[in-house]
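**Q** Residue numbers (my numbering), protein chains in the order written: chain Z, 1 to 337; chain W, 1 to 337; chain R, 1 to 337; chain S, 1 to 337.
Derived from the structure by calculation, the hints contain no laboratory data. No false leads were mixed into what you were given.
Which copy is meant is left open, so a pair is good if it fits within one copy or across any two.
Subject to a maximum C-alpha distance of 25 Å in a straight line, what follows is the list of computed BS3-like cross-link-like pairs (lysine-lysine):
#	residue 1	residue 2
1	LYS202	LYS173
2	LYS70	LYS6
3	LYS70	LYS195
4	LYS324	LYS93
5	LYS173	LYS86
6	LYS276	LYS70
7	LYS86	LYS320
8	LYS6	LYS276
9	LYS93	LYS328
10	LYS89	LYS324
11	LYS276	LYS7
12	LYS123	LYS173
13	LYS115	LYS320
14	LYS61	LYS6
15	LYS199	LYS173
16	LYS276	LYS328
Protein chains: 4
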Amino acid sequence: MIIVMKKGTEQSKVARLIQELESKGMQPVPLYGVERTVIAVIGDERILDEHHISSFPGVSKVMSVLRPYKLASRETQTEPTIIDVKGIKIGGKTIAMMAGPCSVESEDQIMSVAKDLSKMGVKILRGGAFKPRTGPYSFEGLGEEGLRYLRQAANKYDMAIVTEVMEIDQIEKVAEYADILQIGTRNMQNFNLLKAVGKTQKPIFLKRGMSATITEFLLAAEYILSNGNPNVMLCERGIRTFETETRNTLALATVPLLKELTHLPIIVDPSHGTGKKSLVAPMVKAAIAAGADGIMVEVHPNPEEALSDGDQSLTPEEFKDVMKEARKVALACDREL
Amino acid sequence: MIIVMKKGTEQSKVARLIQELESKGMQPVPLYGVERTVIAVIGDERILDEHHISSFPGVSKVMSVLRPYKLASRETQTEPTIIDVKGIKIGGKTIAMMAGPCSVESEDQIMSVAKDLSKMGVKILRGGAFKPRTGPYSFEGLGEEGLRYLRQAANKYDMAIVTEVMEIDQIEKVAEYADILQIGTRNMQNFNLLKAVGKTQKPIFLKRGMSATITEFLLAAEYILSNGNPNVMLCERGIRTFETETRNTLALATVPLLKELTHLPIIVDPSHGTGKKSLVAPMVKAAIAAGADGIMVEVHPNPEEALSDGDQSLTPEEFKDVMKEARKVALACDREL
Amino acid sequence: MIIVMKKGTEQSKVARLIQELESKGMQPVPLYGVERTVIAVIGDERILDEHHISSFPGVSKVMSVLRPYKLASRETQTEPTIIDVKGIKIGGKTIAMMAGPCSVESEDQIMSVAKDLSKMGVKILRGGAFKPRTGPYSFEGLGEEGLRYLRQAANKYDMAIVTEVMEIDQIEKVAEYADILQIGTRNMQNFNLLKAVGKTQKPIFLKRGMSATITEFLLAAEYILSNGNPNVMLCERGIRTFETETRNTLALATVPLLKELTHLPIIVDPSHGTGKKSLVAPMVKAAIAAGADGIMVEVHPNPEEALSDGDQSLTPEEFKDVMKEARKVALACDREL
Amino acid sequence: MIIVMKKGTEQSKVARLIQELESKGMQPVPLYGVERTVIAVIGDERILDEHHISSFPGVSKVMSVLRPYKLASRETQTEPTIIDVKGIKIGGKTIAMMAGPCSVESEDQIMSVAKDLSKMGVKILRGGAFKPRTGPYSFEGLGEEGLRYLRQAANKYDMAIVTEVMEIDQIEKVAEYADILQIGTRNMQNFNLLKAVGKTQKPIFLKRGMSATITEFLLAAEYILSNGNPNVMLCERGIRTFETETRNTLALATVPLLKELTHLPIIVDPSHGTGKKSLVAPMVKAAIAAGADGIMVEVHPNPEEALSDGDQSLTPEEFKDVMKEARKVALACDREL
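Looking at chain Z on its own, in the form it has when it is part of the complex (with noise of 0.2 Å):
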């Protein structure tokens, strides 16, 4: 931790935060420039907090040397994760493929995309039971009925689910059913959630919070790692900025910098992050060949009848198309999908 001290700031007030900071077992090297005194803290500062060392008087900034999470980090781990679901390896050479409808909406309508998926070579079914909806007068999915139908479909094409749980309630149930569990988007920071998924040893797919920094996000993934469960992968699924001819920016420079970051394996989902169904397919081959470990998508059978996301969603025909496009793309980046 560095501190810069206000121009002028009187000794005695310097004396005293270093007293403070040899107290909390740091090593403090106080630096006097010309204009003003800056002290640099040896020691691990993750132990100090920032907002409490800014509040000693004359202290002007204070400024983190290491980033604040450690499982998560790279420097701790420095071999990438990979993710074993019932097979499916997420982190290693191929790409996992992950797609289905925003909303599981029947049985009909789940089996027709699994089937068609399958077929495909996607392993990794998607499908919300339970579904965050930003108004109150919005359909928020068939619950645990929408879980069966997923598990049915799953079981039939010899596939892996991924659906997201809400809340800490539902985690014994949706556990049940799902191979993988998701955290959404907005409860990156429901911390309490996210302990608790820390303590089952369930994959969790964490999406980046809205506005949420890389930090953020990563400490999100330190709340889980930190209970006892190694098994996170990251999702993209883009910010929001002013732009608003998509319905958010899909920041793909996020991909090689995680990898720079963390060892955990990162997804891309461009549905979400576009929020045009004609900006997917460019999406799915550019996150590739920014690195992505994996790929989200939403696929409907009829995408004009789906009860959620429809603008988003590929029929499972252009979805083929994606599939042929990205392989091809994989493939000059030395990957396999």
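Following the hints, complete the assembly by docking chains W, R and S onto the known chain Z.
**A** Showing chains W, R and S alone in chain Z's frame:
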């Protein structure tokens, strides 16, 4: 709802969409312009899903005419809502002052600050017992012990309590001690929690999400209102922007804007809204001048020893000056404090 | 400057960087921590280029200790700058009111509004003669004809004029008519224009860029100051965020923050800052309570017939009420108006 | 244009607005809903001013149906624009690679890099002679001397040149040396400069403003096109968001989105778009996969000695690898490079 078709869309596609709209009980009026067709839809568009309509072939853009919330809207209730908390009226002529430490840290701390605040005329005591923290290695609050201290202090000094509830399972316990339940920024779209507090009759203090639009904010309130609890106050606490000199960007124009859109009381939190204690006093005055119905400020007996947010906390003496200045501005704006 | 090296960087790379720093006259102090090496650099870091240092092998992060502007800094000049415009003092106890139409549209229009405004005690008349417009098909102002009308009106009613200058070639002509030269939002980083107005002695009204950080804003002022013109006032006019209900997000905490960082006067423009006439009155009051040294408001004799920005313009009668209310708030804040 | 009236607006106000619209040659169609009146306006709304209509009494919201640019629109010209720069086609099947240092620093530097780049097949050389710098104390480029070096290098290695022009007075001189004129990010809304380059026939490389919307970006292009110059290429170079780990947020979905909206070629600049050299290679590949027509990359013979932007520059050897990988992705996407 206004539906703009793509240039050169075939008549059959327009017809199909019109049929769909009629089947939902709407009255579609097609307008054939030189360049393109626009369909104006008469009827309660809130039963239509924008994303659903967008997915029809030939649709270029869908624009909503009505705002999607009803109960929160000023058009539904023209009179301002005044919430009564143990005789304290929130939403009327008197501006409600809420103050106290970020976290309850000890019995002494909260007793001392409550004593000071009550002497200045502050009637609502804030203090966190359950604290959401960005990383898993920070102080998370005293839990129920903190609630007990809060209640003792509030009883002794005849104050009401506002404190955060982080998950459904905590509601009952927190409601036992607190007079106002706070829903934090990170939980503004924790829809199950919103529904659950909507089923109580406790006044709810709903903080705006870090990057929530005004519409999303009011839809979050709508979740509470539509579950039967009319006692919702809204708190502007700063939004996330590119600016890093302040912790957040306090958007004070939100205050008069919300006054136009909704009948619910509006509170401003300049402590989180700026993150710097030197900016709190001017922002308290500005918030009052902007028309806020209440102000929430962090006050700590000894900010340098605070376990959280010390850099944005005022001492009781500093806050006393703020109160004095704030009173003058309130008076100039024909309000009381 | 603080330079954080990557974990496990070889000693030779550290040595090489130290050599480079010494060659620039700096005094580098290497601190060897358990996890990594940090180099604290004593000396005037403003002569180092952050991007340059970042490019050395082994460097993980570079953090500046000092702010990069000097002349604009409160540390260089502790006394507030007071700008004298024909006897009107900007930056002192009296709040400077500036009002007038977005564009000068005719002699009658500007005469009529100047008459009304001067009666209310407004001493600075605004009005655009050269208008930057987002698209090429909009009204671009009357040009020199507009300047002439402005001058006539100002002379008749004993007012000073503030108007925008859009390019270097216009400076001479605009300076002939105007008392204050405005640099618009879109030109805040038109560095050649900044240098050119820095070579005049005319007071400059510098608007914050739509997404400029505070540091960039002050560096833009530094361009003008370092070219010899000390008469710069800064205008907060709202920044661009994800919120679409208002045209911009007026960041009022900028006012007291700038007061800490710089000695230059701060003006607030709530008309562009909100884009909605109903929000102007509360934001004028809030800006004054926040400590603004001046306020700029759009006033048009007949907003419905305005050729630009009619939706954010007040009528003279409406503005009269704003003035009355603003005066009360100013008084409560120990200012005059 | 769609005009939504406030609930309960008197019929006389609706009538007045209808009259105004008719007087402008529009055909207004009032739609009387249960809750409110909506006026749909048939005709070329681009001659109406949204802000003007918003200022009429009773108007609640104005929504544009058409996009405000014409010449830049894909609806006006369905075939892609292909720009010919000395025989190099930009906008066709072959992806145009542009590379070179941020600033021209010496004859040796630019000769050396041009030699290396031309060997790899790069045909367009970039290099800044006039540099916009955030603060007044940084290196501003060699000016005309830099242009001369650029031209010598380009002539020797048979390359074309792209370089920035910062003000109207520089156009003639820069055009003498350069093949493509770059309009920088900070000048995207320097409308007089746009008009002036629109009057030349030189190909223009227009960089997106740091916080420009897609619509504003295309309106900036419209300024150039409507002044008679059809040779405009658009450059996505990252937008400003809350994220600070990268210099900007490279919004790659902009590429396919612009392809839908406009016929102009789209270039991507991953060097400024990320600000980190380690992210450039994956973003080059991702940009190609997203459908970019060209790529601009900063390459410097010795980034550690660069006078600007060293931290985002690649060495020629590093760039050689990027080219190799990029070629594979281009091929997989049925493009050439």
